[in-house]
Amino acid sequence: AQSVTQLGSHVSVSEGALVLLRCNYSSSVPPYLFWYVQYPNQGLQLLLKYTSAATLVKGINGFEAEFKKSETSFHLTKPSAHMSDAAEYFCAVSEGGAQKLVFGQGTRLTINP
Amino acid sequence: KAGVTQTPRYLIKTRGQQVTLSCSPISGHRSVSWYQQTPGQGLQFLFEYFSETQRNKGNFPGRFSGRQFSNSRSEMNVSTLELGDSALYLCASSFRGQGDSPLHFGNGTRLTVT
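Protein chains in written order, with the numbering used here: chain A, 2 to 114; chain B, 658 to 771.
All the given hints hold, so there is nothing to weed out.
No farther apart than 25 Å at their CA atoms in a straight line, the calculated lysine to aspartate or glutamate pairs in the DMTMM-like style are these: (1) K714(B) / E96(A); (2) K59(A) / E16(A); (3) K70(A) / D757(B); (4) K59(A) / E96(A); (5) K59(A) / D757(B); (6) K69(A) / D757(B).
The hints are simulated quantities; they were obtained by calculation from the structure and are not laboratory data.
Build out the structure end to end from the sequences listed, making use of the hints.
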């Protein structure tokens, strides 16, 4: 069965600094991978997805993620953090072809002024 | 297009009662999924419906059930509520309902069981 591990339940960076949120997955088949963001009292919003095309995926709000098969990783980055990036971020893997996501435990991102 | 709409936003129930949550997907979306979000267990998949058929089910007891109507609207029901059922219940829809399809989430229904 697929699983997702997000390293660091809480990450804090300064405004303007690099954001790096780590995600490792396990899957017996080529995975579909997603990053979602959740703001307080809201649902999840898709940031980006990997579906076996380009390994470097660009998403909304300046975020991007790189799929590395050898490392089974799909880390999320943003070159320069903004205060509005403060939220909880979830990495997820799709179980085969099914519309069924397995989520990581989430990483809460705090931006310091 | 309107997004995914979940009603009600907040619910307070007592143990032993039952509850029904409602979800209206984005127009044209045929797949509706439900997730439970708790601080301890995180986001867990409940079930997924496509064209009124349940295609996938998560590892939840039979007290959790759902259905989808011909207009793609969906409901989930929890019977004999337990304190541990307190959670944010999220509904999500997609057009194709396949593994690479991004999910569009509603803002959730926060259920508190006392």
